[in-house]
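Enquirer: Residue numbers (my numbering): 21 to 152.
Calculated from the structure, these hints are not laboratory results. Some hints could be false.
Okay, the calculated beta carbon distance ranges per label pair [claimed, not checked]:
#1 T99 x I42: 30 to 40 Å
#2 Y146 x G58: 31 to 41 Å
#3 R123 x E81: 21 to 31 Å
#4 A57 x Y94: 29 to 39 Å
#5 D129 x E83: 32 to 42 Å
#6 N54 x G98: 39 to 49 Å
We treat Cβ as the ideally placed atom computed from N, Cα and C, and that holds for glycine.
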Amino acid sequence: MVGLAIPPLVAVPASASASADIAILDRTLYLSRNPPAGSSAGNSRSIYLNAGNYTWSAQMEGEQYFDGVNRGIYLAAGTYTWTVTVTKIGQNFGEYRIASSLRLAGSSDPANIGQDTTIRIAQDYYLSSILY
């Protein structure tokens, strides 16, 4: 993908279980201001979550920059496919969508959160989704 340099995946620092107080899915990547529309990068993993209420966020940060979204969500117990992505949208310079999804095994309908954002400079950005 032109303009969207993708380094190797960053190790996920959280355990694969919700028994911990916090779970983090993350990736550091370089974003240019104008790759082709639809260019996308992110991270995904499988995680077991206990039933309960969680705060869920998706965010991106860089030097002098932070944007994100969060929401409260009730999740049934089970194994989920958890993703976090950043996608180039539109034709204007620096327009991206930060998104995260959680899909329970056997379900066809994932839960989603996301937010459109505009970056001002090309640089490394830290993309993350957090459950706590």
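Enquirer: Which earlier hints turn out false for this structure, listed by number in ascending order?
Expert: Violated: hints 1 and 2.
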